[in-house]
Amino acid sequence: MWLRRPGVLLLLLGALQATDTQEQEVKALVGSSVELRCVFPERHTFDLNDLYVYWQISVVGQPKTVTYYLSGNSSTGQEDDRYRDRARLSPESMQRGDFSLHLYNITPYDEQKFNCLVFRKSLELKKILDVEVTLHVAANYSMPVVSAPSGPSEDRELTFTCTSVNGYPRPNVYWINKTDNSVLDGGLQNHTVSVNAQGLYDVVSVLRVPWAPSINVGCCIENVLLHQNLTNRPAEPIPGTEPGNTGSHRDVHRRDHGAVLSAVAVLLVLVLGAVGCVCRSRCPRADPCRWRAARPERALFDCV
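Letter by letter, the sequence shown follows residues -18 to -1, 1 to 286 of mature numbering (1 follows the signal peptide of the UniProt record, and there is no 0).
These are calculated hints, taken from the structure and not from any lab test.
Treat the numbers as computed from the prediction; the structure is a model and nothing was measured.
Backbone N, C-alpha and C fix where the C-beta goes; we use that ideal spot for every residue, glycine too.
A few of these clues could be false.
Claimed, not checked - Derived DSS-like pairs: lysine-lysine, alpha-carbon spacing no greater than 25 Å straight-line:
| id | residue 1 | residue 2 |
| --- | --- | --- |
| 1 | K109 | K160 |
| 2 | K160 | K108 |
| 3 | K95 | K46 |
| 4 | K109 | K95 |
| 5 | K46 | K109 |
| 6 | K108 | K95 |
| 7 | K108 | K46 |
| 8 | K95 | K9 |
Said to hold, decoys possible - Label-pair restraints from in silico Cβ distances:
| id | residue 1 | residue 2 | range |
| --- | --- | --- | --- |
| 9 | S14 | G43 | 26 to 34 Å |
| 10 | N178 | R78 | 39 to 47 Å |
| 11 | D29 | Q180 | 39 to 47 Å |
| 12 | R19 | S196 | 51 to 59 Å |
Could you build all of it, start to finish, from the sequences and the hints given here?
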């Protein structure tokens, strides 16, 4: 009867003499599949009827069953709900001493220490294998998007907002001066990191800086586990700024300079027009009929 209660059996097995625990570390992306290795160190063929195999995790100090194999007993129905239909052992591989766990559709919850325990009934439930596998889970953050101020305004504070979503683990966030790639003072930044419905992290970072004639900043999201740094592409230019200069405000003076040039051009046109009028008043007028004779296609115009 007790074979139908793997939780009770596990407590009994845990009280037996322990072997040395082997430790491993594995990385996996969210949504992917992974194999957690648990292999008997020597070449050996096992009888499945002689084996008890457990994969478990510890939650708040309590063991939770991921999957298991008990000889002479159905190895289904006792798994933790989060691992049901996602964790699998291969009977054929176990006969060859390979007790590895195949875990599918990785989620952030799977960032755990997994413990593989193998016992032999014929040896009075002696533990022959104890392997601990630490699974590190990662997910790529979206490319950060920076929202620049709506327009330049002298003598006022400028606010930039950076957004990146669906990443794991929790990121490091930096604002940089793209002019010299220096990291901006952390006191100018405010980061909000939240967990979404998928268990992934969303990031919103706000940078506030004093107005300056030329500002070119970037937002960097660092995923330490993936050794990855993502920096935003150039934001949409502020009206009147040069494309590609995120938050650039040097064009305030360029707009004024352009307005002056436009005024000079209009004045020049007026001067040239006045000169033309003076010239026509002093020069003899050409005979319009002579013009018509020279250009017959203008015959529709009357001569006076």
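Hint check:
Of the supplied pair hints, the one linking K109 and K160 is violated, its CA atoms being roughly 59 Å apart against a limit of 25 Å. Annotation: proposed proximity of K160 to K108 is violated, straight-line Cα distance about 62 Å (limit 25 Å). Distance restraint check for K95 and K46: the Cα-Cα separation of roughly 11 Å lies within the 25 Å cut-off, and the hinted pair is therefore satisfied. For the hint pairing K109 with K95, the CA-to-CA distance comes to about 19 Å; that is within 25 Å, so the pair holds.
With a CA separation close to 19 Å, the supplied pair K46 and K109 stays within the 25 Å bound. Distance check on the hinted pair: K108 and K95 sit about 23 Å apart at the alpha-carbon level, within 25 Å; holds. The straight-line distance between the Cα atoms of K108 and K46 is roughly 21 Å, inside the 25 Å bound, and the hint therefore holds. Taking the CA atoms of K95 and K9, the gap is near 12 Å; set against the 25 Å cutoff, the hint holds.
In this structure, S14 and G43 meet the distance hint of 26 to 34 Å, their C-beta atoms being roughly 29 Å apart. Distance hint check for N178 and R78: the Cβ-Cβ separation is about 42 Å, which falls inside the suggested range of 39 to 47 Å. Checked against the given bound of 39 to 47 Å, the beta carbons of D29 and Q180, roughly 43 Å apart, stay inside it. The hinted window of 51 to 59 Å between R19 and S196 holds, with their beta carbons roughly 55 Å apart.
Of the numbered hints listed earlier, those contradicted by the structure are 1 and 2.
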